[in-house]
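So the protein lines, in turn, are chains A and B. Counting from 255, one number per residue, gives the positions in the first sequence under our numbering. Counting from 289, one number per residue, gives the positions in the second sequence under our numbering.
No lab work stands behind these hints: they were computed from the structure. Quick reminder that beta carbons are idealized off the backbone N, C-alpha and C, glycines included. There may be inaccurate statements among the hints.
Pulled a few chain A residues facing chain B out of the computed Cβ check, cut under 10 Å [claimed, not checked]: (1) ASN317; (2) ALA363; (3) ARG365; (4) LYS368; (5) ASP409; (6) GLU429; (7) ASP431; (8) ALA469; (9) LYS520.
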Amino acid sequence: MKKITLAITVSTIVFAQSSTAATIYDGDGLNYKLKGDWQIQLRDNASKSKNLDVEFDDLELKNTVTYDLDNNLQAFGQLDFSFDKAADNKQSGDKLEEAYMGLKYDSVAFRMGKMNTSGDEFGVESAYEKPAGTSEDQFDAMVDAGDDVLRLDADFDVVYISLSHELESKGNTSEGDASTDLFVSTNVDALTLAAAYQVYDNNADTWGVSAQYDAGFINLGADYSVSDLDNSDRNETTYNLVSTFKASQTTAIALGYVNADDEIEKIDAWYANVTYRFPAQKNVSLFAEVSDSDAGDESDILAGMRIKF
Amino acid sequence: MKSTYKLAVFLFIALLPSLGYSESILKLGEGVNLFAINGKEISKGNGFFSTKNEFSLPDSGTNQILVSYTAEIKNSDSYELEDSDLSVVKFAASDQQITISAPSISSTKQLETFNAHFNWSLKTSDNTPVSYKVNPLPLEGFRLGVDYEQKLSEFNRTSAAAAITPAETIAPPVEPIGADDTEQAVILKMLQHWYKLASPETREKFKDSL
Chain A
255 MKKITLAITV STIVFAQSST AATIYDGDGL NYKLKGDWQI QLRDNASKSK NLDVEFDDLE
315 LKNTVTYDLD NNLQAFGQLD FSFDKAADNK QSGDKLEEAY MGLKYDSVAF RMGKMNTSGD
375 EFGVESAYEK PAGTSEDQFD AMVDAGDDVL RLDADFDVVY ISLSHELESK GNTSEGDAST
435 DLFVSTNVDA LTLAAAYQVY DNNADTWGVS AQYDAGFINL GADYSVSDLD NSDRNETTYN
495 LVSTFKASQT TAIALGYVNA DDEIEKIDAW YANVTYRFPA QKNVSLFAEV SDSDAGDESD
555 ILAGMRIKF
Chain B
289 MKSTYKLAVF LFIALLPSLG YSESILKLGE GVNLFAINGK EISKGNGFFS TKNEFSLPDS
349 GTNQILVSYT AEIKNSDSYE LEDSDLSVVK FAASDQQITI SAPSISSTKQ LETFNAHFNW
409 SLKTSDNTPV SYKVNPLPLE GFRLGVDYEQ KLSEFNRTSA AAAITPAETI APPVEPIGAD
469 DTEQAVILKM LQHWYKLASP ETREKFKDSL
């Protein structure tokens, strides 16, 4: 899953004409949407031992169903199939990336199943591919998804709160370390502030803060996250600096710097990417990216196409 | 007969300001999708790299457009494209450039609020707000292959605030009346004019009455 939230924020540029409607059926209280996120890249990554390759990322098909239960109550569910690993011939079939159901009342939603944890909301990194040896942030470095997740989201306009807990599920096939995440964000005019905290049993306690500022012609973002590792006196730290801006009505550019420090090794990395969106269809984009990291043998270069609907 | 002919010419000229035709421009803001103007679906044909976000409107009268907004909704560490409900917007234009835009929407809640209020912004080139009426376009069932012209025709037969009657729309340009036109030539031009203004249902009724 790639994090390009900030880049997209500024790449919402002038688009005309109609885009592909994802809604397949809407009637009698039932809404069924088919969503897709397909991305294919031609990539020469930072490892000298790996040659140019066609890589698949986010080859996803999402089925989203919502039932209106009246009195502001809705039932919803989503099945998200990902085919990127299958396309890379690493496995024989598809992968279930998300599978959850829940209830939503007014601005509060509760869901249960396989999904991203609340800490996954954190971060400003805007690279298509993480520079070698780095994570998007410390929540990405620890855990940001699970099979046995209970999650509560509340959007109160000014404040957004998300709380999740992944069960240990001891004795079951999905057994793993439990984690509890809290994410809070707020908007003050063009400034978005966020904070997150995670307790990941037997691994680490992680916290992070971030800020994004939309100056209109340019977006600036920064985040800082730290993991206090269990059974160790070391901390792992990641911070990001990002700026994104429009080069034209259809083209957006992102420049980013990542620093990762685990008190054994310190990695500096940077990336730059450009995204062109076809004016006739907001859903189709071409992109290219170059990144360089202390942990790589050489620069990571890629170019690709994305269709999102 | 001669006086009837003169009266017809007088009425024709008096009733049809479109003879002195000019146009207004509708400009689409970021993420705004235009489906139809005055009941007619617009062509989706575009150049490969072109950015068409300006459309001609008939001048000096009521215009009706069918629009939606594509929002980028933050979803975990990625985003999803979500379309707003379709809304029918009615406004008056008079040889102006009018830009329609939507408020900033980045969350599902904001999109739900927009679908409830359709708080579009319509402004002229000098930033003067343009008043408008808006209603959702009722759609039920499968959304693939929707005939928007048919749906708008049905919508315009309701008493919705954004509904228009054929008489509210501007007549398409008609051939000017020449000094040498015969009475029948003038009548023909008038028939053509009113036929172009008529709804499909009215045209059928007219044909049946012959």
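We went through each hint and held it up to the structure:
Taken as an interface hint, A:ASN317 does not check out: its beta carbon lies about 13 Å from the nearest beta carbon of chain B, beyond 10 Å. Checking A:ALA363 against chain B: minimum C-beta separation of about 9 Å stays under 10 Å; hint holds. For A:ARG365, the shortest C-beta to C-beta distance to chain B is roughly 12 Å, which exceeds 10 Å, and the interface hint is violated. At about 13 Å, the closest approach between the beta carbon of A:LYS368 and any beta carbon in chain B exceeds 10 Å, and the interface hint on this residue is violated.
Among the interface hints, the one on A:ASP409 holds; its C-beta lies about 4 Å from the nearest C-beta in chain B, closer than the 10 Å criterion. A least Cβ separation of about 24 Å between A:GLU429 and chain B goes past the 10 Å threshold, and the interface hint is therefore violated. The beta carbon of A:ASP431 is not positioned within 10 Å of any beta carbon in chain B (closest approach about 20 Å), and the interface hint is therefore violated. Because the beta carbon of A:ALA469 sits about 14 Å from the nearest beta carbon in chain B, more than 10 Å, this interface hint is broken.
Proximity of A:LYS520 to chain B is violated relative to the hint, the smallest CB-CB distance being about 24 Å (cut-off 10 Å).
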